[in-house]
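Top line first, the protein sequences correspond to chains B and H.
Everything in the first sequence is counted per our numbering, starting at 1054 for the first residue and increasing by one.
Everything in the second sequence is counted per our numbering, starting at 69 for the first residue and increasing by one.
Since the hints were made in silico from the structure, they are not lab data.
Every residue, glycine too, gets a C-beta built ideally from N, C-alpha and C.
Take these hints with a grain of salt, some might be off.
Chain B is faced by these chain H residues, among others (derived, beta-carbon under 7 Å) [as the list claims (entries may be wrong)]: (1) M94; (2) G96; (3) K104; (4) D107; (5) V120; (6) S130; (7) V133; (8) T143; (9) L144; (10) P146; (11) N171; (12) A172.
If you want the footprint, here are the derived chain B segments under chain H, 3+ residues with CB under 8 Å [what the hints assert, rightly or not]: (13) 1063-1073; (14) 1115-1125; (15) 1153-1163.
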Amino acid sequence: MALQLQKIKVIEVIDSYDGPTIYTVVANDGDFYLVYLCDIDVDDESVRTWLYLYTNPFKISCLKKNEISIKQFIQESKQHLIVKTTGTKISSFSETTFAEIPTEYIPSEGVFLDLGLEEYQLKLKKKNLAPSNISSAHVSAVINRISNGLKGVMKGVQTYLAEFPENEPDPMLALTTVMPGSVELTLKPIKHNPLLKKSFEIIELVVAEQTQNLPPALVDTVRYEIAQMSPSGRSGFNFDSIELSSAGDSKKTIGFTYEVRKKMKELLPIVENFQVPIIVKGKIMAFDKRDFTFVISDFGKHEEVKNSDIPSRAAEADLLSDDVKDLAYQCFDKGDRALIAGDYNTKENLLIVRKITPLKPIAN
Amino acid sequence: MLGLVKNIMFIGHECPDCPPADASYMPGTYYRFVVKTFDNAFISRFKLGLAVQNTCEENAISLIVDKAAVAKKRTLHPRAFQKAGLAEVVISDSSHGVLKQDNATHSNWWHPLEFDFKTVATLIEERS
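Chain B with its partners taken away, still in its complex shape (with noise of 0.2 Å):
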């Protein structure tokens, strides 16, 4: 752990102020530290103090989620380095323990980073896979179709909502950390963003179905992104859940797609209820989610079913509960086992469902 600090990259700076004051850096040794500013000179403010914290990215990680105060951190930390810049030159270092740091050079028992970092995590989950498998494309086609989905909530909260005017509904994040060992990313925006942040916050109303004080409207765009944003066996990146939260307070994770997915699962039997005449019932051949457009195949023959809004159609037939009606925002994919219900002549009152499970026999 011999540090030699004129060899150090700057990987993320966590917290700034006149430069940064809190960040990492990885020395050429590959050896990870937690820059921390100690004290600036009141007479000469280009003389600072730093303390150099040997630590991880988990560490890090923990720290930002705010699960172990600063003096915690500290005081964890294997190694400790006094060092004394002056501009940007080092003029003094050496090496420290714990218990011989000023005290004034650290925050108090029970101060936490908790500096509502804008800042994402990603989990990908797949049993039986080690991270290493999973490859780059996957990660890239998992934060594209996460930022999509994030851009279309953006959108709805804009139109909505009518906040935020003049930000750009576009979450623009950029991947800074991938946890060795897990397939846990850090995701954060390039530009600040309050949009984003309203986004994630009615996202997470959403998912906890707390919405009675937002406009139905909204609520039916983000159920419609997060659905977009789930799992999926036909996007390439077949991850048996992906949750995306919040990293800069451990007691608020979204996890939108895993509690999504529970949900709909839970509400299946509602649907073997469905009083309504089933018109075709088969395997999804192609499906286009944007379009609503889907091609059945049953009975050695091909329908295709078009319904460009089956929320507000359903709605109108007054045929769905509200928690039917959640049912057809999920995805569909190619080789699914679905049915179709109501009057296929004219199209109208249409509701297709996916079965996740083995579809029962349906007396019409």
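Given the structure of chain B, go ahead and fit chain H onto it with the hints provided.
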């Protein structure tokens, strides 16, 4: 916004990109620590010799977006900021310059080169 101010020379004018194109007039009340004296409190980190590269960010003046964030920074860096004074900066006219907020609590400020910061800044807490 930059169209309105393109003929004005800003701090950081040695940097060809200053102020950055996505900085804009953002009216509001901001705060800045006074580490040494009020007269010397509004110097960019590049001028302080704290930066190697002559970039837009290094030529800007750091401002904190609210008092809660000021208190947080003092808690995080007790020795560096606890005893520092505090200046309030009220941006209320486009002639006061442009800002770019880069995270939830921090903005960079570029004001015109000939601008007297005391027009908008007031010392509200002396150094203790």
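Consistency of the hints with the structure:
1. M94: violated, 10 Å
2. G96: violated, 13 Å
3. K104: holds, 6 Å
4. D107: D107/H check fails; min Cβ-Cβ to chain B is 13 Å, beyond 7 Å.
5. V120: OK, holds: V120/H within 7 Å of chain B, min 5 Å.
6. S130: Holds. Min distance 5 Å.
7. V133: Result: violated, 10 Å to nearest chain B Cβ.
8. T143: holds, 5 Å
9. L144: holds, 6 Å
10. P146: holds, 6 Å
11. N171: holds, 6 Å
12. A172: holds, 5 Å
13. 1063-1073: holds (count 5)
14. 1115-1125: Coverage by chain H is violated here, the residue count being 1 at a Cβ distance below 8 Å.
15. 1153-1163: Per the Cβ count (6), the hint holds.
When each numbered hint is compared with the structure, violations occur for hints 1, 2, 4, 7, 14.
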